[in-house]
Each structure stands twice: as structure tokens, then as C-alpha cells.
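2 protein chains.
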Amino acid sequence: MNRAELIHQIKSKRSFLCIGLDTDIKKIPTHLLELEDPIFEFNKQIIDATKDLCVAYKPNIAFYESMGVSGWNSLQKTLDYIPENIFTIADAKRGDIGNTSSMYARAFFENMNFDSVTVAPYMGSDSVTPFLEFKAKWAILLALTSNKGGLDFQKIKSENGKQLFEQVLETSQKWGTDENMMYVVGATRAEQLSEIRKIIPNHFLLVPGVGEQGGNVQDVAKYGMNADCGLLVNSSRGIIYASSDIDFAEKAREEAEKLQHKMDILLSEYGI
Amino acid sequence: MNRAELIHQIKSKRSFLCIGLDTDIKKIPTHLLELEDPIFEFNKQIIDATKDLCVAYKPNIAFYESMGVSGWNSLQKTLDYIPENIFTIADAKRGDIGNTSSMYARAFFENMNFDSVTVAPYMGSDSVTPFLEFKAKWAILLALTSNKGGLDFQKIKSENGKQLFEQVLETSQKWGTDENMMYVVGATRAEQLSEIRKIIPNHFLLVPGVGEQGGNVQDVAKYGMNADCGLLVNSSRGIIYASSDIDFAEKAREEAEKLQHKMDILLSEYGI
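Line order of the protein sequences matches chains A and B. For what it's worth, the working numbering labels the leading residue of the first sequence as 1, then goes sequentially. For what it's worth, the working numbering labels the leading residue of the second sequence as 1, then goes sequentially.
Be aware that a few hints might be false.
Just so you know, same-sequence chains aren't split out, so a pair can sit in one copy or run between any two.
Here are the computed lysine-lysine pairs in the BS3-like style, where the Cα-Cα straight-line distance is at most 27 Å [said to hold, decoys possible]:
1) 198 / 262
2) 44 / 11
3) 148 / 135
4) 11 / 135
5) 174 / 162
6) 258 / 13
7) 77 / 51
8) 135 / 51
9) 26 / 135
10) 51 / 13
11) 155 / 174
12) 135 / 13
13) 198 / 155
14) 148 / 162
15) 157 / 198
16) 11 / 198
17) 251 / 262
18) 137 / 174
These are calculated hints, taken from the structure and not from any lab test.
I would like the entire structure built from these sequences, with the hints used as guidance.
Pasting the structure below:
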């Protein structure tokens, strides 16, 4: 999916919600466990219940990889089930030397047809650029993450006064454009978003950490929204595990609706 | 495999060679393509031809992941085929928030029974520590990589005068020990190894980049060896693609023998 289409989806659905499919066999309702593919069945019902409310789904690849071959099958079925007009993110945090990153890019973009992959920046240019060579596909580079350990290195200030995540934002501008790169910026660091917007005014940001991790969507919009919205705000556990009972999909919809309603208002407030 | 056993293997085999199984369907000899599982068949013959010469095998996970479900099957079969007294490294460069890194750790340590996984440090403590909670398993943290892009961020000097990779080495000391952590340091940066040894005198280092990428094993030993050897030097393409013909395994053995012979001499020179 290209940028224009993503913006169109945000405007027409009045939503910049991304739903994280962190589907854990130990957390899904027990009545699903009797079915042949409980992971896919869970995702299918979540998708059915929320697809009009969100513009993106983000399977967390670790959860599928940890299930072995059956997990990869569940992932592929999930991806095939997601409607074409919804942006898909392989949350994989990949990144390796050039020829190896090319293999990862092929795995997610060609074999599985994801629209985007999250990529770790530590290994620099040639670990990222192979993900930028596919038409209408995206690399979503880690910048400032919302976890505790995110502070260990990302905010180290260099001799030139810039923090590491700022260097990542600046240096990576040479590798791609706002048509094939986005950045991960955690919602728990919302106050940083206005500083980040000075460096990358146009890029889309993938913002996890709303809900369970304590971030809120109003702050994210206040500091991070641009004229095209420029945000994908992710919620995973707060939506998909809203109930652990037979009504899980219905409750997931209720949580997604609450967020979409807030997003609708915010989009209007900011003239989008 | 624990540290004592790894050191024992190095001493008895007179080798600190790691062979990278970057097995690419497009590069393996064409006569294998008729077989049911060409990737596994290639690995099997490489392992048969080299298992007395090396102490570790390092499948590059991207190469298997890019083959989809059949790739994961080939990987599992390969891992099951590697003799128990050889250290196994999942070169996966994983790393995510805590609960997600736990999933990756489970995938590689429990489902597949690898001895170790390479891990990217950008997301900090909670992205790494889940890999340290398994007995006789290892996280191998990226420090200074041998690729071109490795210079983009890893050598940025902070206000306190330390480069990023030095900060990674120092900070991560709080997370684990030399019994469950190793570090990736590229052979093309061999001159850096003596500086690195000042920070981590005891840890094992996984050193890629010998051969194809231009590093040499004498320099690595000169600057990086410690009293327990403390090195796993990896060669991938230089060994496994020494020939693209029916004699590939024999030629791979010849290349591995050359390196093992050099390592034998170096171990003796350094009194190990």
C-alpha cells in the first residue's frame, strides 16, 4: 500500500488505529483451543469485529515464530484474511548485513505480502536499505521505543549534542523517503514527539504503547500529528484481550470503538 | 552447552571455527535440487565433511525464513543433525520488548534447542534479559559489526567519550555474565579487539567476517584471544560455497581444514 492510499483510508475510516495481533495461545479464550487452528480462529474473529475501525493490523511475529511451523501457517492465513485495503505490518524487528536483510525483505514482502516490516537500526544503512527496494512497501525503523530498556542506549547524547534516536532519524533520511520509511516512536514518550517532528515533519510514525503501556492518544496527536495525520497508533493487549471469554471479539470491538471515536474527534480538531 | 564444555571442545579439536550455514537455494549445487529437501541435504553433507574441524555451526535464520514453512523444516532437520558436542548459534538478530523477546527465546531455545541466539541491543535491557534465563543457553549481543553500515551508529562517540558499541559492552555487563553472554565483533575491525578486551576480558566473542569480508584469523587471535581462547571465528561463504559443483563438501572441508590448521597453530602459540 502506498502513502496516498494509506492517507485515504485514514480519512475515510476516521481512524489511525493499528491493532496489534500479539496472539498468544496461553491467553486466548479456552473454547477456541478445540479448533484446528485456534490462533487463526482468534485473529479471524478479531478482524471480523474490528476491520471497519482500524487502518492497520500488526502481527507480532515472535508470537507466531514461537509456535513453529504451525505458527507460520496461522500467520499466513491471518495475512490472507486481512482485507486488502488495510495496511499490514510484520512486527519483526529484523536487521542484518545487506544480503541477509534482503532475505528477510523477501520473506515478508514477497512470500507473505506484508506492506511493511519493523527494522532495527543498530547495523546501519545496508541492514535497512534492502527493505526499501520494493514498490509500495515500507521499512518501519525503530527510533525511540516505549519499553524500559529503550532508555539504555537510545537517549545517549553524542559529542555533537544529538541523542542516538535523533541520529537514527537524521542519518536514515539518506536511505529512503516518506513514501517508504516510517519510524517507531513509543507513546510513553509522547512529549518527545514535537522534537521528533522537527527532524521528520512528513513521515508516518508507528506509535505503540497506548493503553497497556500507559500512553494516551490525545497526547500522541497533540505532539505528533501532521497535515496528513502521519500517525498509526497501535493497541494490542488492550483490544484483543479485553475479554478472555466467549465475548472476546465483541469486547475487542468495544475497545477499538473507544479509540476510533477519540481518533475521529482528533482528526476533526486538527482539520483532517 | 555451557562455557566449560565449549572450552573443552576448542581444546580437544584444536579449533575455534564456527561454520555459517547461510544456505541459499540459488547458490547450492544444482544436482541437489532434485532431492526432496535440497537445503537440508546441502547442510547434511557440509556437516558430515566438517564436523571434526569446527566447534560451532551458525545457521543464518533469514535464509530459512525466506523459504517459508519448508525453510523452517529444513532448519529443524539441520539442527537435529548437528552432533550434540557442537555449539549451535541461531543467527537471528532478534530483540523486542520483554514479553516478545521471551517468545523469541522460547522459539530458539525450547522449540528448536539452539545453544545461542544473536540479539540486537538497540531496545536495551528488557529486550536481552529474556534470553539469559535459560540454563546453558546464550545471548550473543551485537557490539561492533563488520558491515559497512556498522559505522553509521556503533562508533558514535557520546559526551562521556565512549563509543556506542563500548556503551553496549559496558551496560550489558549488568544483565548477564560470561557464562550466558557473548558479543559479535566483526573481524574487519580486528584492531579494535584489544580495546574491547579491556572492557570484557573474559567473554567469548563471535567474530564474523573472516575470508569473504576480508578479516584474517591471525589478527583476530592477536588482538582478541584470551586464556580460554574466548573466540568463535565464523566463516560462511568461504567454506560452504568453496565449490558450486558435485565436490562442494570436499572443497568445503579443504577450506575448513586450512582455517583449523591456522587455529591449531595459534592456540599453541598462545599456550592453549
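Item to complete: Run the structure past the numbered hints and jot down the numbers of the failing ones, going up.
Response: none
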